[in-house]
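Protein sequence lines, in the order shown, are assigned to chains A and B. One point on numbering: in the numbering used here, the residue at position 378 of the first sequence is 378, and numbering is uninterrupted. Position in the second sequence (from 1) plus 1000 gives the number in the numbering used here.
These are calculated hints, taken from the structure and not from any lab test. Yeah, the Cβ is synthetic: ideal placement off N, Cα and C, and Gly gets one too. Fair warning: there could be bad hints in the mix.
Across the chosen pairs, the derived CB separations fall in these ranges [as the list claims (entries may be wrong)]:
#1 A:ASP280 with B:SER1194: 55 to 61 Å
#2 B:LYS1259 with A:GLY376: 50 to 56 Å
#3 A:ASP280 with B:LYS1259: 53 to 59 Å
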Amino acid sequence: MVSTIQNTDVKQKDADRALVVAVTSRAVFESGADGDDVYGMGVAFPLLQALQRVNKRLLEENPAESLLFDVVVITTDSQQQQQSSRIISSTRHYGNLTLTSSSSSSTRHYGNLTLTISSSSTRHYGNLTLTLSSIIHYSNLTLTISSSTRHYGNLTLTLSSSSTRHYGNLTLTISSSSTRHYGNLTLTISSSTRHYGNLTLTISSIIHYSNLTLTISSSTRHYGNLTLTISSTRHYGNLTLTISSTRHYGLEVSRFCFSSEEDFVESLQKNNVQLFLSTDSNEAPQASQKGVLSALLDRQEAPSEQLRVMFCGDDVNRPDAGPMPASRQAAQNFSAQLGEMRQRFSMSDSPLRIVLVTSHGGRESCGALRTLRSHGVNVDEAYCLAGAPRSPILSVVRPHFLLSDGFSGLED
Amino acid sequence: MCEVKPNNSAPTEDSGAERDWAAAKVFFDSLKTNKPRPPKPQYAVTIAVSSRTLFDMVAERKIYEDEGLEKYVAYQVEHESDPLLPGVAFPFVKALMNVNSRLRKLYPDSEELFDIVLMTNNHAQVGVRLINSINHYDLTIERFCMTGGKSPIGYLKAYMTNLYLSKDSEKVTEAIEEGIAAATMFMTQTETLSETQLRVAFDGDAVLFSDESEIIVKEHGLDTFFEHEKAFENKPLAQGPLKCFLEALGKLQRKFYAKNERMNCPIRTYLVTARSAASSGARVLKTLRSWGLEIDEALFLAGAPKGPLLQKIKPHIYFDDQMFHIQGANEMGTISAHVPYGIGQKYHKGKLIEQPAKKE
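Looking at chain A on its own, in the form it has when it is part of the complex:
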């Protein structure tokens, strides 16, 4: 029995216009220890982030844009089907959070620890040592140190936590107005934390800093975004740091489909999925046979921030002999919509990139380029191999996934 649940944290997309992409839960999340409430990041994580980036840019260009990626997370076996709550909470856990919290604590939807250390007109400050340890299940940790201190000796800040799990965002702000002769600022953040969200570090207005040593070490996996801003000004008056709060968005997943081996393809069809992505080499052909465009996902080294879609052009030119197979039609529809999306951006600064690779030589590839163009797909990069194998090129191009319309198995 399939159940489909909408993710209420995320704005639902326009069903008629959006480009629905389904990704298996096993591709998105990596199973960690059974005791964890939240999964680790899986193979498809960079891809999801790239899709989100494209959506963000599309909305920047046109806030009323309806041609967006609509991401669905689908389970394809009964074991995963049972894990619905864990999947949903994992989805909510991650994402980009630009944390902006207002000057003290009044934020909603958080469990916060807010620590404020302020000292006014302190001089000859010796060493300030701050130690925080062993925090569990903290949502956000906000640390603010502000002072109008002069002759600050050493500021040593140590945040260590052993066995901290589910750390949300760590925001550290050290600001000092008219601080001079700052001794050493040593910042050490070490933890065996997992699921680290975003670490935002802002250090501003320091003059005559002796040493600034920043050490962030952890056996943390899946670090979110690290933003470090150091700006130094002089004659800083009063520093008022005001940050305002936003809601905590997780991954931009619109829906969850909890289906099993028997009915996941049906689920894909019911949800109008235009592209199905899986790490399982059996699942993809199954969906493809029933007319759903599918592609295999593989772990990538150094995945790019830009969404890179590769088309294999060998079948693009084949003459239409008889009725078009369903998968071919699906491929054409998808590529046309993707092409339209690509047009929203300029040639050089696009979060989405379309790449063509063909086994043909140049002559035939010319035709493929033209055919794609006639379907509204303006290819950015093209590689005509003329019989050479694909893998050396793939390792340089690094597509997130490869589409070939008659699903022929992918190497690597």
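Model the placement of chain B on the given structure of chain A, informed by the hints.
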């Protein structure tokens, strides 16, 4: 410098690559094309040319610089049925094709041929015009990389490139730093070149050989240089960025010799050096011998200008590391290519140039 194509690759790599190639071959054969399949990069001598060296794109380049990328691409698309005019590397490419057809006649099944790849930064939409132009001149260029703005260096490696020719000196410098033989080509008006024989001319120091001796000249003067070369006559010089390319040419030449075609060989190589035969030439010849390389003609100019001699040779390409010589050769109608390697880059006509801070 020759690591790009290792001769003894591990057996396991080979069998994986062999399987890849076998599978690709089966698929390619099924595509039913009459043209001969381009050779396997492992055995071939791969030459990557940029679009601006293969074709004359000066007018189009101006549009790109004055009006921006989008207008440039739109212009190219609008004119994609108009073939481009031949560029500075065009005669070189045609000469390579001629060698290939001679090789195919003698060795019908061999993959030891020239493999010409179009390696361009251009956007794939411009590719249609490029491909149309290539077809118009019936050039056997089948492999293309249109990187849409990305650096070609990774692709040069993926295709095991033996030589990369471009108009962009930054890319060429990057390639040389990565161990790939590369040179920047400059436009020139040239007379008709031989259509039956590929002629490649090389400078010696900092092109075939390292710049170790040139450093001595620049920093300590000619007399020290002569003494040094005489003293070290029997010690081979270290290799320079284009040594492997000469080696690759030699390998193909030997295939003609094996079939008794030495007199009629369609490849001829020249060394054109400012060294003099008497004092510093011996070391050069001995170095070549120690490498097992032959060069057809070695011309020692003892400091005389290279221009008139090159004019007589009429090479399809001449490699030199010093811009001064490149300009001189260009003025006399020789197609020259600058190899941005070694100490020669810091000097112009013997004087040290002020180097601007390297762009990050």
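Each hint, compared with the structure:
{"no.": "1", "hint": "A:ASP280 with B:SER1194: 55 to 61 Å", "verdict": "60 Å, holds"}
{"no.": "2", "hint": "B:LYS1259 with A:GLY376: 50 to 56 Å", "verdict": "54 Å, holds"}
{"no.": "3", "hint": "A:ASP280 with B:LYS1259: 53 to 59 Å", "verdict": "55 Å, holds"}
Checked against the numbered hints listed earlier, the structure breaks none of them; every hint is satisfied.
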